[in-house]
Structure formats: C-alpha cells, structure tokens
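Protein sequence lines, in the order shown, are assigned to chains A and B. For the first sequence, the positions run 1 to 541 when full-length UniProt numbering is used. For the second sequence, the positions run 1 to 541 when full-length UniProt numbering is used.
No wet-lab data here; the hints were simulated from the structure. One should not assume that every hint holds.
Over the 12 Å line for every Cβ pair with chain A, so calculated as not near, a few chain B residues [stated by the list, open to error]: (1) Ile-136; (2) Leu-283; (3) His-312; (4) Arg-380.
Chain B is faced by these chain A residues, among others (derived, beta-carbon under 10 Å) [what the hints assert, rightly or not]: (5) Val-31; (6) Thr-148; (7) Val-212; (8) Leu-261; (9) Leu-324.
The C-beta atom is built at its ideal place from N, Cα and C for all residues, glycine as well.
Each chain, letter by letter, is given below.
There are 2 protein chains.
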Amino acid sequence: MLELSRTGQPVGAPPPPPPAPPEKEEQAAGVGILLQISMLVLAFVLGHVLRRHKISYLPEASASLLIGLIVGGLANISNTETNIRGWFNFHEEFFFLFLLPPIIFRSGFSLAPKPFFSNFGAIVTFAILGTFVASIVTGVLVYLGGLTYLMYRLPLVECLMFGALISATDPVTVLSIFQELGTDENLYALVFGESVLNDAMAIALYRTMSSVKSNDSSGQNLFFVVLNFLETFFGSMSSGVGVGLLSALLFKYAGLNVENLHNLESCLFVLFPYFSYMLAEGLGLSGIVSILFTGIVMKRYTFSNLSENSQHFSAAFFHLLSSLAETFVFIYMGFDIGMEQHSWSHVGFIFFSILCIGVARAANVFSCAYLVNLVRPANRQIPLQHQKALWYSGLRGAMAFALALQSVHDLPDGHGQTIFTATTAIVVLTVLLIGGSTSTMLRALKVVGDGHNGPLEESFEGKNCNIGSSYDEGTSSGGKLKMKLKEFHSNASFTTLDRHYLTPFLHLMTMVMMMTTTMMMERILMTQLKIREERALQGPN
Amino acid sequence: MLELSRTGQPVGAPPPPPPAPPEKEEQAAGVGILLQISMLVLAFVLGHVLRRHKISYLPEASASLLIGLIVGGLANISNTETNIRGWFNFHEEFFFLFLLPPIIFRSGFSLAPKPFFSNFGAIVTFAILGTFVASIVTGVLVYLGGLTYLMYRLPLVECLMFGALISATDPVTVLSIFQELGTDENLYALVFGESVLNDAMAIALYRTMSSVKSNDSSGQNLFFVVLNFLETFFGSMSSGVGVGLLSALLFKYAGLNVENLHNLESCLFVLFPYFSYMLAEGLGLSGIVSILFTGIVMKRYTFSNLSENSQHFSAAFFHLLSSLAETFVFIYMGFDIGMEQHSWSHVGFIFFSILCIGVARAANVFSCAYLVNLVRPANRQIPLQHQKALWYSGLRGAMAFALALQSVHDLPDGHGQTIFTATTAIVVLTVLLIGGSTSTMLRALKVVGDGHNGPLEESFEGKNCNIGSSYDEGTSSGGKLKMKLKEFHSNASFTTLDRHYLTPFLHLMTMVMMMTTTMMMERILMTQLKIREERALQGPN
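I would like the entire structure built from these sequences, with the hints used as guidance.
Here it is, written out as structure tokens:
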C-alpha cells in the first residue's frame with residue numbers, strides 16, 4: 001500500500017528515523033495506535049453520555065472533534081511533539097482508501113430508496129449545478145478579495161481549487177448530526193443526497209483545476225470540466241450498480257444461504273463494496289459515487305438473498321465500521337488542528353473565506369431551488385424553510401479536509417498551506433457552531449420530526465430484528481417518517497414503485513453497464529498504454 | 001502509521017515515484033487493492049469448493065498460498081513487475097499491527113479453556129524450553145554446516161537468529177489445517193497452545209540475538225535471555241488479562257446491554273482486544289501473548305455481560321476478521337514468493353536447513369514430552385503417537401515469514417536475504433507438503449475424531465445460535481469432543497473447574513495485575529527517559 005508522505009508542513013515532518021531497531025519503531029507505532037484507540041473509546045463513551053442526557057448543542061461529532069482538539073493541544077504543548085506527530089500522520093490515502101469507503105457504503109446501504117429517488121432530480125441539480133456555482137462563486141470572490149487587498153492574494157486557478165474543495169459539504173458530518181434528530185424525509189434526502197454527490201463534483205472540479213494548473217494549458221474549458229464530471233459520475237454509477245448486481249446474482253445462485261456457511265457468506269458480502277470502490281478508483285472514476293450505488297443496489301437486491309443470520313450480521317457490521325471510521329475522522333481532524341502550528345497571519349483570509357462560502361452556498365441553494373421549483377408541480381415545491389435549512393446545513397468536514405491536505409502537496413509554494421489552514425479553521429468552526437445549533441435551527445424552522453423518538457440509528461437496530469420489512473431500515477428518520485412508512489407499506493405503493501420504476505431502471509442499468517464495461521476495458525488499456533509511454537519517455541512531464 | 005520500507009532487496013524496491021499527480025498514485029494503489037480483493041474472493045470460493053468436495057490434500061491455506069504463487073508468478077513474468085511490486089509491498093508492520101491481532105484474538109476467543117489449562121504445564125514446557133532447545137539446535141547445526149562447507153557460512157549469532165525465527169511454528173497455518181479435521185482435544189490444545197506461545201518465545205529470542213548482534217556485547221548471556229523471555233511473557237499475560245478484566249467490569253456495570261445500544265456495545269467490545277495488543281506492544285511486551293489472554297478472559301467473563309444480539313455479532317465479527325486476515329496472509333506469502341527473484345544458489349542452504357529444523361523439532365518435542373511424562377501420572381501421559389503428530393505438525397508460516405522479512409532489515413549485508421529466501425522456501429514446502437498430508441498423517445496415527453463431522457468452524461456457527469451454552473463454542477473440534485463436552489456439562493464439572501480453578505486464578509491475576517501496572521508505569525517512564533536521553537545524545541549508538 002502506497003502511502004504518500006505529507007510534505008510542505010511548517011512544523012516539518014519528523015526526519016526519517018535512523019536505521020533504529022525496528023522493534024522500537026513498532027513500539028512507537030503501538031503507542032500511537034494505543035492513544036488513538038483510547039480516544040475512540042473515550043469518544044464513544046462521551047457520545048453515549050451526551051445522548052443520554054439529550055445535550056443537543058454538543059453532538060457526537062463535535063464531541064469527537066473536541067477530544068481530538070484537546071489531546072492535540074496537549075501534545076502540542078508537551079515537547080514530545082514530533083514523535084506524536086509521526087504516529088498520527090494522517091494520509092489522504094488512508095482516508096480515501098480505508099476510512100471513507102465504509103462511511104459512504106453505509107450511507108447507501110441504509111438509504112431509503114423512495115425519498116432519494118423521488119428527489120433525484122433536485123439532488124442532482126444541487127449536486128452538479130449547485131456545486132459548480134458555489135465553487136466558481138467562492139473562487140471568484142476569494143480572487144477579488146485578493147485583488148482588493150482584503151485577503152491573501154492567490155492566483156485565480158488556486159482560488160478556484162480552494163472554491164472546489166471548500167464546496168464539498170460533508171456527508172460524514174451532516175449525516176451524523178441529522179441522524180441524531182428526526183428530520184422531514186424529503187429534507188433529509190435532499191441534504192444527504194446533495195452532500196454525498198457533491199463530493200464527487202468537488203473532487204472532479206478540484207482535480208480538473210489541479211491538472212489545469214500543472215499543465216498550464218488553459219485549453220481545458222468549461223465544457224471539458226462538465227464532460228469530465230459527467231463521465232466520472234455516470235461511469236462510477238454504472239460500475240457501482242454493476243458490482244451490486246453481480247453480487248446479487250452471485251448470492252442468488254451460489255446457494256450460500258444454507259446452514260453452516262454464514263462466515264463464507266459474510267466474508268464475500270463485505271468484500272463486494274470494497275471491490276466496487278477499488279474498481280472505480282482503479283478506473284480513474286469516483287470510488288465514493290460507485291460505492292454509494294453499490295450500497296443502494298446491494299441493500300435492495302443482494303441483501304434479501306442472504307441467510308437471516310448474515311442479514312443481521314452484515315447490517316450490524318457496516319454500522320460498526322462506519323461508526324468507527326466516522327468517529328476516527330472527527331478525532332483525527334481535531335487532533336491535527338490542535339497539533340498544527342498554525343500561522344495566524346491568515347485570520348483575515350479565514351474570516352473572509354467564511355463570508356464567501358456563505359454567499360456562495362446561498363447562490364447555490366436558492367438558485368437551484370428556484371430552478372427545481374419551476375419544474376415541480378405546486379404540491380411538490382421545495383418550501384422556503386427547507387431551502388433555509390439546506391443553506392444552513394452546509395457543514396464542511398472530512399472531505400474538504402482531505403482535499404486540503406492534498407492541496408498542500410499540489411501547491412508546495414506555501415499557498416497550499418494557507419488553503420489548508422483556512423480549511424481546517426472552517427471545518428472546526430462549521431462543525432462546532434453549525435453542528436451545535438443545527439437542532440435549534442431545525443426546530444425553529446419546524447422541519448424536525450418529533451426529535452425525541454430516539455436517534456435514527458437506534459430505530460435501525462430495532463428494525464434489524466424484523467427481517468420481513470428489512471428494506472425500510474434506512475428510512476426511519478423519526479416518528480413522522482415511520483408513520484408515513486407504514487401507510488406506504490399498507491397500500492403497497494413501494495412494490496408499485498419497485499415494479500414501475502426500479503425494475504425497469506435495473507434493466508436499463510444492466511444495458512448501460514454492459515456498454516460501459518466495454519468502455520472501461522478500453523480505458524484500462526489506454527491508461528496502461530499511457531503509463532508505459534510516459535515511462536518510456538522518462539520526461540519530466 | 002509508520003511503515004518501514006523494505007531495503008536490501010536484490011530486485012530493488014521501486015524507486016520513489018516522482019512527484020506525480022496524487023490521483024495517479026491513488027489509482028495505482030486502487031488497482032493493487034482491487035487485485036488483492038479479487039484474490040481474496042477467489043480464495044474463499046475455491047476454499048468452499050474444495051471443502052465441499054472433501055479434497056483434504058489441498059486445505060484452504062494451501063489453496064490460498066497457491067493462488068498467491070500463481071498470480072505472483074504471472075506478475076513476475078509480465079513486465080509490469082515493479083509496479084505491482086509497489087502495490088503489494090508487504091510490511092512487517094502491517095502484518096504485526098493489522099493482520100496478526102485478529103487471528104490471535106480469535107484463537108483465544110474460541111479456545112476451550114479446559115483442555116488448554118489442563119495441558120498448561122506441558123504447553124509452557126514445549127513453548128519455552130522446547131523452542132529454546134529447537135532454536136539453539138537449529139542455530140548450531142546451521143553454523144556447523146557452514147563450518148564444514150555444506151552450507152552457506154553465517155556467523156554464529158546470525159545462525160542463532162535464523163534458528164529463533166524458524167522455530168516459530170505458526171498458529172495461523174496449524175489452526176486452519178487442524179480445524180478442518182476433528183482432532184483429539186488434548187492434542188489440539190498441545191499443538192495450538194505451543195504454536196501460539198512459541199511465537200512469543202521466538203520473537204523474544206530473535207530480538208535478543210538481534211540486540212546481541214547490534215551491540216556486539218556478548219555480556220548478554222543465557223540467563224538474561226531466559227529472564228527477558230519470562231519478563232515478556234508474564235508481563236504480556238498480565239496486561240492481557242488486565243485489559244480483559246477491565247472490559248468485563250465495564251460491560252458489567254455500564255449497563256450497555258439494553259435495547260438500542262448494540263452498536264455502541266459492539267464498538268467498545270471490538271476496541272478492547274486491539275487496545276490490549278497495542279498496550280503490550282507500546283510497553284515493549286509481546287502483543288500476541290497479551291491479546292491471546294485478553295481473548296480467553298473476554299470470552300469467559302465479558303462475553304456473558306453482552307446483550308444477546310451483540311454476542312451473536314461479536315462472535316461472527318471476530319470470525320470474519322480472522323478469516324480475512326488468515327486468507328490474506330497466505331495469499332500474500334504465495335504472491336511474494338512467486339514475485340521474488342530468488343537466487344537459487346542457496347538450494348543447498350535450504351535443503352540442509354530443512355534437515356536441521358526436522359532434527360531440532362525432534363529434539364524439542366521428544367525431550368520435552370519425556371520431561372512432561374516424568375511428571376504426569378500414568379493416565380495422563382502424552383502417548384507416542386501424539387508426540388509424533390506434534391513433531392509432524394511443526395509447519396512454519398506467517399510468523400517465520402514476518403521475522404525473516406525483518407531480518408532483511410537487520411542484516412543488510414546479504415545474509416538477511418539468504419535467510420529470507422530460505423525461510424520463504426521452507427514456509428512454502430512445509431505448508432504445501434505437511435499441510436497436504438496432515439489429514440493422512442492424523443488418520444494414520446489414529447488421533448483424529450471422525451473427521452467427517454464437518455470442520456470446526458461450521459459447528460461454531462451452529463453453536464452461535466445457542467447462547468445458553470456459548471462458552472463451549474471453541475471446544476467442539478469433532479464429534480468425539482462434542483460427546484465429551486456433553487457429559488462434561490451434565491456433571492457440571494466445568495462449573496466446578498471454574499469455581500475451584502478459574503475464579504481463584506482470576507483473583508490472583510487481579511493482584512498480579514495491580515502489581516504489574518505499577519511496574520509498567522515505571523517502565524513507560526523509563527522508556528520515555530531513555531528515548532529522551534538518546535535524542536539528547538544524538539549518538540549513533
């Protein structure tokens with residue numbers, strides 16, 4: 001496994017240790033991991049206590065962030081710093097390859113298909129057009145700020161990179177806070193869907209800008225950006241759906257759902273999502289979009305082919321992994337921010353960036369909602385308070401953080417460091433302030449269910465024991481929703497939906513998949529050829 | 001997380017890639033992981049097919065090894081080698097920190113306490129005295145071979161390092177083959193217990209020899225080696241038991257076994273073993289001994305405090321993780337061996353080494369069995385066929401492989417490479433030949449149960465559904481054993497055993513734990529001081 005080292009830190013990465021006895025290094029790594037595990041345990045216990053006492057202004061995510069901040073701050077004060085820094089070195093790769101996949105898969109796996117697909121048009125509008133608008137607006141405002149000496153001046157393309165990475169509203173953060181409360185199902189689907197899909201858009205935009213910068217070829221125009229995004233998005237979706245369907249076929253016909261093969265069944269079941277993620281990444285597509293759709297498909301079509309024991313197990317397994325990964329991400333972010341020797345000369349940059357992203361998010365949400373409302377019938381308009389809630393829920397989290405880490409690489413002349421500092425500050429502020437006030441805001445806007453019915457994840461577990469209605473597991477975000485769901489089942493509209501909507505969609509997807517498989521094979525060959533050519537040239541380009 | 005790069009390869013590690021676009025590196029890592037996942041899926045499916053057709057001469061472990069060998073060989077032939085090599089770079093750290101803990105924990109967790117503790121004296125004799133004898137005999141024979149020009153000549157201390165690392169009979173390999181069959185419970189306990197504990201001895205011996213070599217101070221004598229081992233062993237055991245008891249107390253009094261908290265409960269439960277492993281590693285003790293005892297204690301005292309759902313879940317969870325880790329280890333070993341450009345000039349060394357380890361293992365097993373039989377009453381003698389089976393079962397596996405990888409580091413003058421080549425060859429030969437013939441051997445020696453009653457792991461799963469008798473989960477290694485177990489329950493001798501033996505042991509352990517906690521705190525402080533001193537000196541020593 002490749003692990004990029006993080007260069008360009010002001011603190012300076014610890015110098016590569018001398019050829020010391022390996023057991024000492026292993027011991028050091030052991031102490032680091034020990035500290036991480038202790039913080040995880042502490043975060044879980046604290047989260048439990050907070051939830052039990054219904055302290056809504058400090059959600060679990062914020063609590064984890066704070067634990068990280070405090071421990072990082074303590075480590076910063078003590079003189080063992082470089083040592084601890086080494087243990088905790090966060091790699092974008094580690095995040096993208098090991099922490100993100102379980103979180104996103106679980107999102108898809110526990111997704112209620114109905115609200116998601118019935119809002120699909122709106123979600124895609126917010127995710128694609130909206131994120132694009134937000135990135136450009138943020139980038140241009142930051143650039144103008146630089147021109148007028150209000151902020152640190154960055155070149156336009158770097159401003160756009162910053163705009164792209166800071167436009168990724170984070171599914172991790174948003175989900176963990178929204179799940180604590182019970183929100184309106186449509187609002188939940190909008191916020192959730194947008195935050196998952198706009199990550200893909202943000203990554204695509206960021207990479208495009210990054211390649212524009214490194215090539216210095218301004219020939220890449222808007223059209224190519226959009227085309228690139230669409231290619232990535234639909235390619236990833238097809239590969240995800242394809243892997244999901246493959247797993248459904250395997251489990252249907254391999255006959256593993258008999259007694260005594262639970263372990264084999266579970267092993268194969270948990271390998272598929274990761275396979276999907278890695279397939280997409282290997283093809284240069286977006287792993288998170290792919291694994292999201294694999295989650296949706298596997299829940300709907302593979303899950304029911306499992307034996308009952310394996311159903312219980314896999315639901316709990318993915319829940320466990322995503323909880324661990326989520327908590328770890330927050331702790332780590334807090335730790336890194338507490339640890340870092342930030343140059344506070346960028347306070348102005350941070351302050352004005354926050355204003356810019358607020359404006360940009362307003363431009364995103366209200367313009368896209370206007371467009372969506374133009375198309376939708378009167379009874380399905382997005383109400384103004386939902387728009388406000390959507391605007392307010394634009395927390396920045398792990399994805400922005402990970403991309404900012406990458407920007408430290410991509411912009412080694414100190415600009416990346418400025419972007420990184422600003423991003424971490426924005427992440428902490430939005431998670432602590434917005435996260436802490438989300439429940440108040442949701443109640444003020446009257447978009448919350450009853451909120452006291454217990455968090456979503458708890459109602460999950462209860463449902464898990466009732467396999468008969470297993471596919472509604474993810475929809476139960478509050479009491480109101482649960483009621484809706486019941487009437488929904490009683491008039492069998494889901495079955496109708498499935499027959500009229502999902503099954504044709506499935507057939508369509510199978511065809512799309514076959515087409516894209518050919519396309520992908522071509523793409524692999526092209527990539528291979530390209531790598532060989534580049535190696536043959538050995539040029540610096 | 002620190003990851004050591006592997007130096008001193010004849011093939012040459014791939015040169016550090018130029019500051020290429022990170023998405024390309026990520027993509028490459030993605031393809032590598034994709035390949036690994038595909039091989040895992042293939043190994044599981046193949047293992048299932050082999051088991052269904054009862055092909056005993058190709059156990060699952062060997063099948064995984066062969067898959068790795070074939071793919072590695074193919075990659076070796078193709079010219080994309082350095083690329084693939086980079087993706088697959090196996091780090092000792094990765095093995096010791098992430099693959100080994102779940103395997104060993106599960107061993108402890110699924111251990112039948114009775115046969116293990118009733119054979120404890122014999123196991124400790126084989127593990128401590130026997131491994132010591134085997135290491136010394138192997139080392140001296142290899143040294144003599146070098147002196148008489150039969151083999152490549154290595155200095156005595158390096159011969160002893162080789163002797164130590166090759167004396168680690170592997171729990172991974174041994175367990176996965178023994179579990180396929182149903183063996184006599186006492187023999188199983190002996191082979192299993194010895195192979196788990198002798199790893200600790202082999203690591204301690206290897207590290208001691210390594211530090212003797214690096215310090216060139218021959219002041220470290222036999223007494224210190226033994227003292228060091230005993231300190232490591234009892235320290236690790238106490239810390240493991242301590243963490244296990246801590247978890248038992250937490251789950252007893254935290255009141256998490258109510259409805260709706262399954263996820264929190266499971267999260268905490270799965271963090272404890274890792275905590276124990278890392279605590280021991282961080283203290284410079286043996287993580288595997290620690291996690292083994294944590295497994296035993298958690299199964300006996302923590303498990304029953306969990307809610308029923310979490311009991312099902314955690315048993316299946318650890319089974320899943322250990323299956324994945326085991327299969328991955330075998331695939332990886334095969335891959336690495338197939339991939340490596342071995343210098344076959346060492347064929348003589350390999351051949352004579354195998355003879356040496358055969359002789360050394362005989363010296364270990366038969367002398368220790370003689371000693372044990374001197375003490376045991378007539379009805380509890382270790383019969384000769386058990387001794388033969390024990391001698392035959394000395395497969396070398398992942399632990400020897402990992403230590404050999406480390407020796408490439410420790411002995412950069414090419415000697416490490418020789419040791420590594422010899423070790424990999426020995427691992428492949430013992431796994432394929434001994435592994436393939438183990439069932440024949442066990443049947444010939446008439447120590448097998450009925451063998452057709454289904455593998456141990458399958459009877460596990462069946463038992464898992466029956467929580468009432470959950471602690472006998474690990475004991476059911478075959479039909480004979482199952483019968484024994486039933487009568488065992490009916491006359492309630494286990495309860496008696498528990499009251500008369502385990503509970504006092506527990507009280508004793510609590511005291512030992514409190515003492516060792518103090519000792520450990522001191523040790524942490526000492527280590528910290530030492531590190532600071534060393535840093536202050538900045539000397540090469």
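task: With 12 Å as the threshold, tell me whether B:Arg-380 passes as away from chain A on beta-carbon distances.
output: Check passes; 34 Å lies beyond 12 Å.
message: Less than 10 Å between beta-carbons is the criterion; does A:Leu-261 satisfy it with respect to chain B?
response: For A:Leu-261, the interface hint holds, since the closest Cβ of chain B sits about 7 Å away, which is under 10 Å.
- prompt: Non-interface claim for B:Leu-283: all C-beta distances to chain A beyond 12 Å?
  reply: 8 Å, violated
task: Let me know if the C-beta of A:Val-31 comes in closer than 10 Å to any C-beta of chain B, holds or violated.
output: 4 Å, holds
message: Minimum C-beta separation from B:His-312 to chain A exceeding 12 Å: can you confirm that?
response: 7 Å, violated
- prompt: Does B:Ile-136 sit more than 12 Å from chain A, CB to CB?
  reply: 22 Å, holds
query: Quick one, is the A:Thr-148 hint okay against chain B at 10 Å, beta carbons?
result: 33 Å, violated
message: Given a cut of 10 Å on the nearest C-beta pair, is the interface hint for A:Leu-324 held or broken against chain B?
response: 6 Å, holds
- request: May I ask you to test the interface hint for A:Val-212 with respect to chain B, counting a Cβ-Cβ separation under 10 Å as satisfied?
  value: 12 Å, violated
Taken one by one, the earlier hints fail for this structure at numbers 2, 3, 6, 7, listed in ascending order.
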